[in-house]
Amino acid sequence: MKIVYAGAPAFSLPPLEKLLSAGHTVAAVLTQPDKPFGRKAQLTPTPLKAFAVQEGIPVLDFARVREHAAELSATGADLMVTCAYGQLLTREVLDAFPLGVYNIHASLLPRWRGASPIQHAILAGDAKTGVTVMKTDEGLDTGDVLLSRPLSLDGTETAGTLSQKLSALGGECIADALALLEKGEAPLTPQAGDATLCKKIKKEQCLLDFSRPAEELSRLVRAMNPQPLAWSLLRGAPVNFYYALPEEGEGAPGQIVRADKTGIYIAAGGGVLRVTELQFAGGKPVRAADAVNGRKVRAGDVFGA
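Under the numbering used here, the letters of the sequence shown match residues 1 to 305, in that order.
For the record, the hints were derived by calculation from the structure and aren't laboratory data.
Just to be clear, a hint being listed does not mean it is correct.
Stated by the list, open to error - Calculated cross-link-like contacts (lysine-lysine; reagent style DSSO-like; alpha-carbon spacing at most 27 angstroms):
id	residue 1	residue 2
1	203	35
2	284	200
3	18	128
4	165	284
5	128	183
6	35	200
7	284	35
All figures in this text were calculated on a predicted structure; none of them were measured in a lab.
Start from the sequences and build out the full structure, keeping to the hints where you can.
What follows is the structure, encoded as structure tokens:
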């Protein structure tokens, strides 16, 4: 099939690669405009654009895609596939393609409609998540479902590791979805069940409150890795947390009750949070053992102050 593929972050790359390997023709890649990045504010393309340029695929990077339905129609594509594209589509854009627009969404819809389904699946302690391929309508992830596939969670995932798994699964799902469309065997099913919404993660959500249970804190740490990262204060300086799991134990909330090569154990409102990777102000991420050996932390220190 001839398609336009829309996306932006690294998450959107594996599905595109899967479609290319399946023999589909990509008439154009649709992505976001280059944005300033780094201390020098150098204009930087999205990961998807960088890949498309490397592969010689034409790139469209409209700031407001709703104003460019005619250009999309002119590609001659049968349909458009979107994956973490980041702009809502108007009826004019949806109608620019004979077969419509299909979205790869990183949850089992209607659970976790919105911008941060991967993080919210971890934050909620969900036992499973997955990928849904839906036919896009004018709502926010409200379209009819073409297919969905679950992925079990074991409570140790970070948003980064889960993103990689779901991106690969998304590639398999969209390849199978287009195969069904080619055969004319793609029945659509309205979303069933209660919908839950998830907004874009904000920095203020990432501050660790050690009066909360260790299980909840572990979810927050893992959900915010690799960005924007959960954090707390130690001796007045910010510390970022990369990985932590809950364990049994007790102590004054926020106090380090143990610090050795196995981890930095911080008492919480229920249980203890065992931190194994963290980052001190101005430094790189380090393992807990290195932080202890470098005397950056010790038993008795208190986070949150």
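(request) Would you check the hint for residue 35 and residue 200, treating anything up to 27 angstroms between C-alpha atoms as holding? (result) This hinted pair holds, its Cα atoms lying about 19 angstroms apart.
(message) Hinted pair, alpha-carbon criterion (27 angstroms max): residue 284, residue 200. Please report holds or violated.
(response) With a Cα-Cα distance of about 26 angstroms, the restraint between residue 284 and residue 200 holds, given a limit of 27 angstroms.
(message) Please verify whether residue 165 and residue 284 have alpha carbons no more than 27 angstroms apart.
(response) The given pair, whose Cα atoms are some 26 angstroms apart, holds under the 27 angstroms limit.
(message) Checking one constraint from the list: CA of residue 128 to CA of residue 183, max 27 angstroms. Satisfied?
(response) 30 angstroms, violated
(message) residue 203 and residue 35 were given as a pair; does the straight-line alpha-carbon distance stay at or below 27 angstroms?
(response) 20 angstroms, holds
(message) Given the hinted pair residue 284 and residue 35, is their Cα-Cα distance within 27 angstroms?
(response) Cα-Cα ~25 angstroms, so holds.
(message) With the threshold set at 27 angstroms, check whether the alpha-carbon distance from residue 18 to residue 128 stays at or below it.
(response) Holds, at roughly 24 angstroms.
Hint 5 from the list above is the single one not met by this structure.
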